[in-house]
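Asker: Keeping the supplied structure of chain D fixed, place chain E upon it in accordance with the hints.
Going line by line, the protein sequences match chains D and E.
Its first residue numbered 592, the first sequence is counted upward by one per residue in my numbering.
Its first residue numbered 592, the second sequence is counted upward by one per residue in my numbering.
Calculated from the structure, these hints are not laboratory results.
Heads up, some of the hints might be wrong.
It does not matter which identical chain is meant; a pair holds if it fits inside one copy or across any two.
To be verified - Simulated crosslink set (DSBU-like; lysine-lysine; CA at most 35 Å straight-line):
no., residue 1, residue 2
1, K614, K796
2, K885, K607
3, K761, K634
4, K983, K1089
5, K761, K614
6, K594, K614
7, K1109, K702
8, K937, K878
9, K614, K881
10, K648, K796
11, K934, K774
Each chain, written out:
There are 2 protein chains.
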Amino acid sequence: MNKDLTRADLLVTNTKVYNSYTKAFNERDVYIKDGKFLYIDEKKTGEITTDSIVNGKGRYMIPGLIDIHMHIESSLVTPAAFADYTVSNGLTTIVSEPHEIANVCGVRGIKAMIESGRNAPYDIYYAIPSNVPIMGPEFETAGAEISCEDMLELKDTDGVICLGEVMNYKQIIEKDDTSEVGKFIDIVHSQDPYYIIEGHCPQLKDNELARFLYLGINSDHCDHDLEEIRQRFENGMFVQIQDLMLHQDVIDYIINNNMYEYFSFVTDDTFPDILLHQGHLDNVVRKAIKMGMKPEMAIYSATYTPARRMNLTDRGVIAPGKLADFILIDDPYSLNILETYKKGRKVFDRELYHPKEDNYSLGEDFKDTIMISKPDPELFRVHIPGPDRRIKVRVMQVNRNSNVNLPLFVEMEVKDNLLQWHDSGCLLTVVMERHGRNGHVSYGFCTGDCLKSGAAASSLTHDSHNIIVMGENEEDMLKALETIVESHGGIAAVENGKLTGHMALPVAGLMSEGSVEKAGQDFTLLRQAFEKQGYVHRNSVMNFCLLSLTCVPALKLTDCGYMDTENLKMVPLYEELQ
Amino acid sequence: MNKDLTRADLLVTNTKVYNSYTKAFNERDVYIKDGKFLYIDEKKTGEITTDSIVNGKGRYMIPGLIDIHMHIESSLVTPAAFADYTVSNGLTTIVSEPHEIANVCGVRGIKAMIESGRNAPYDIYYAIPSNVPIMGPEFETAGAEISCEDMLELKDTDGVICLGEVMNYKQIIEKDDTSEVGKFIDIVHSQDPYYIIEGHCPQLKDNELARFLYLGINSDHCDHDLEEIRQRFENGMFVQIQDLMLHQDVIDYIINNNMYEYFSFVTDDTFPDILLHQGHLDNVVRKAIKMGMKPEMAIYSATYTPARRMNLTDRGVIAPGKLADFILIDDPYSLNILETYKKGRKVFDRELYHPKEDNYSLGEDFKDTIMISKPDPELFRVHIPGPDRRIKVRVMQVNRNSNVNLPLFVEMEVKDNLLQWHDSGCLLTVVMERHGRNGHVSYGFCTGDCLKSGAAASSLTHDSHNIIVMGENEEDMLKALETIVESHGGIAAVENGKLTGHMALPVAGLMSEGSVEKAGQDFTLLRQAFEKQGYVHRNSVMNFCLLSLTCVPALKLTDCGYMDTENLKMVPLYEELQ
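Excised from the complex, chain D in its bound form (with noise of 0.2 Å):
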């Protein structure tokens, strides 16, 4: 080490600097040295030396923005342009979960994604996909399986530094789980107590909670009521809150009950148009300061907790010997990120700011992965077997407020063997596996607020992320998938055979080759074909493709047919009338 602790590299004078332990700013000289804090000087005495000077004047430094929970592919671009781009809101540390790409190419597609981070202007680490797939091949078919050997192995990849989310909440605490998660756990805290597990468990309480806690894993950042907030807290669950998780009373709950060292914000999943026109972890940051959260406390929760959580005892805080992650803002309030400073380097300016037209592939290994024979026609009818009789069809019930789909059942026609379900008020739902594995094909319907008209068609179907087409005519519904699978994967939709969106995801049929404001501005078409076609949702086109997720309730739509997922079981598409 250098230690000619006179001289520093980088000063940044008289600006208004965030102090993690006050919670309050005040105007300080800050010297940074190789990369650290070395000196925040209170009495500007000027002892030391350096070799640049930034004025901070009429500016606010706050650490740089800690993300612990999010997935990078949610955002459809590569960790190269996703780092390449959210610098702009200041992120300088994020921790992704990969298992998008695991689901479809396992731990090869695991390897790529850190790799295409190692260059990132900031710290991605990564946390090992725990689920994959989530349920087991009578559920539901991945591209690939991550083994509980798969686990040990990336646990000791560098980089890697906790378990991601475990979300077969339901199997792990009971005593015949023979997960692979669970063996990887019992593995794991044998070797080591104190590894990192993250947790993903909607609905949990009391003892079941208790029991998912005993297991050691301890972060939880889904949707949930009060009470279900409360019982996270207060049995030392870490809670993360992402934006959708922005209910008044649960901001209230911590600002009065001063849960601040318990908590962070994070992102979870970011679509690249909200990315793009709304920002990231700095939006949700936002969003809970106008919900009346104090601004130096929320900052503290999206940089020192966040932090600590991961270990990364390194960064967080603006004092001597931390790493220099630092943003210049104009207002706390505002939170309008004016620079980013990783390791004492800038690595955003806004003033000079303008995207990058890299191409961000991960290579050409990922860009095959749509193995499904050309689109036929045949596909979309829905054949019955028996005589001709009315029957009654499982529907999954689309919520504009809400990821959960409630059963319910319509009565339908069966003519020739066929149903009949155009009048049905229902849109034919199909999921196809994509993998090359079994070719498996399966119907569904969904209704309520849904689209109305077309017919829409993804690739990124969590978590499995199978072909899903959804449809009030055949011809529609069969553009749509045929336009996916000319474009190695993607999202489209269409109205009256004419496309009406579209957004090509070649890599590994979930992620594109470009920047995040060419994912934003295709996105942002996609969603707006989607909402003009009837679909009625805070998060439209997510909440498409998460028709298939096993780990949310209630009725999905899996490759092999319908689950119900709050029981653990396949359930038939109809069941006779009494």
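Answerer: Same frame as chain D, but now just chain E:
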């Protein structure tokens, strides 16, 4: 793992349980399984069956106490003896730094300490002694050195979790520092930037404090004034509050600025009579409560924050999945400890407790460490070359409120090459190298609040643990010295030719082989003798044992002579009058 989570090993019913997150007591049923808390049941559902039930009615349950900065040797007993007793103080985890034995016996001493604690009723972790000896051989002679390589070896020893207090705080922040600990920190941080490094930096402030922090040394447990404390908190130093730092203004600062997250209570050095009659960490917590800290906050800082500082995130709270380390107390204010449980197993019950009669020796290897020849009366004559004259003799001022010895000069006569000191109001103080390395003998004087009559001697003489003898007459000095040599080490007080107090410390000349009870009784008599002979200090014997401690200001006497510890240089015993 036994995953049948419908059965528990132990249930404690109806007890008022401390919640570290809400900082409140609430009546709960607490289930324990396989050494961990399984369920903190607020609804008392009785859903879980159990093998054993404890009625907690009328009692309060708090997490077991965690002391992360302390030296077992200071209690003058070995680790096994210490732990067997201090379960009664509610300790369930400690981090001990064995630099006393390291200064005498080196790495083999540290390893013997670790082994001694292996079967203790609670977890004893160790910090690596970082400054053995504190200063180089030109300043003092220790029995052993701990090199950078030794520290690296110790780092990988089971049970070792951090680097212990870095005490060469003036040296290590300088460009030209070449200390072993400086090398170690460079290496360890290149491998693991999160490795915990504990500090010791009395009086350090401003730019110098920032430099110390910049090196990653980010805790401190020394005595400080309010401004020093404020600077530590605001610069991200983890503050460890020991008994002697319980100043009202410091406690008020913590309360008024809500600094509970950033400090813990510790004990540092607890002499055996204090341990026996007042307690240990429990005593520090009780005192803080008496000074106005709410019990709910004081408990937090003796359980939650110390666990977190040491990354022992598996303990320090009563919550599902955490180690079932807890105490039942009668009342949060009195903190009277009734029962202590470690990993769900009762290790202390006040109603059943009786002292063990064990011999707690570390083995014969550690009983032969007083390597000096037969004490000789000639030793106590101070020879000064040159003609008869008056000279200015350097004297250490002993102050009842501090361990800082300010320097002063006292005129004395030289006659026939012998210093005539008896009527000077100063006591002769002799330090003799006792490790068999060079036979150094050095001379100095004390005045002020030290002994007024008789003599005292000790082989426990921080940190090099040479032998110190102080007296107002040569005969008593000789007898005190003979006494501790015969007992293979110890501390003795003599007056008028009679032994007035004696504690044998045959283990490395630092520790007894008996129980805390025996050590406490012996030490009580010793302290009484010191005080009867005029020593005035809140910790008279300890103050005597610190007269050689080179990391405390301002003038100290080592076997090499007087050291000006503020300017890091040796200074002569006397100066000629001008």
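Asker: Compare the structure with each hint and give your call.
Answerer: We went through each hint and held it up to the structure:
1. K614 / K796: Answer is both; intra-copy 33 Å and inter-copy 21 Å each pass.
2. K885 / K607: Answer is both: 16 Å inside a copy and 33 Å across each meet the 35 Å cutoff.
3. K761 / K634: Intra 57 Å, inter 21 Å, cutoff 35 Å: inter-copy only.
4. K983 / K1089: Answer is within: at 33 Å inside a copy they meet the 35 Å cutoff, but 104 Å across does not.
5. K761 / K614: Between. Shortest inter-copy distance 30 Å satisfies the 35 Å Cα cut-off; intra-copy 39 Å does not.
6. K594 / K614: The answer is within: 30 Å in one copy meets 35 Å, while 43 Å across copies does not.
7. K1109 / K702: Intra 25 Å, inter 61 Å, cutoff 35 Å: intra-copy only.
8. K937 / K878: Result: close within a single copy only, 26 Å intra versus 49 Å inter.
9. K614 / K881: The answer is both: 18 Å in one copy and 28 Å across copies each meet 35 Å.
10. K648 / K796: The answer is between: 26 Å across copies meets 35 Å, while 50 Å in one copy does not.
11. K934 / K774: Between copies, since 23 Å is at most 35 Å while 38 Å is not.
Checked against the numbered hints given earlier, this structure breaks none of them.
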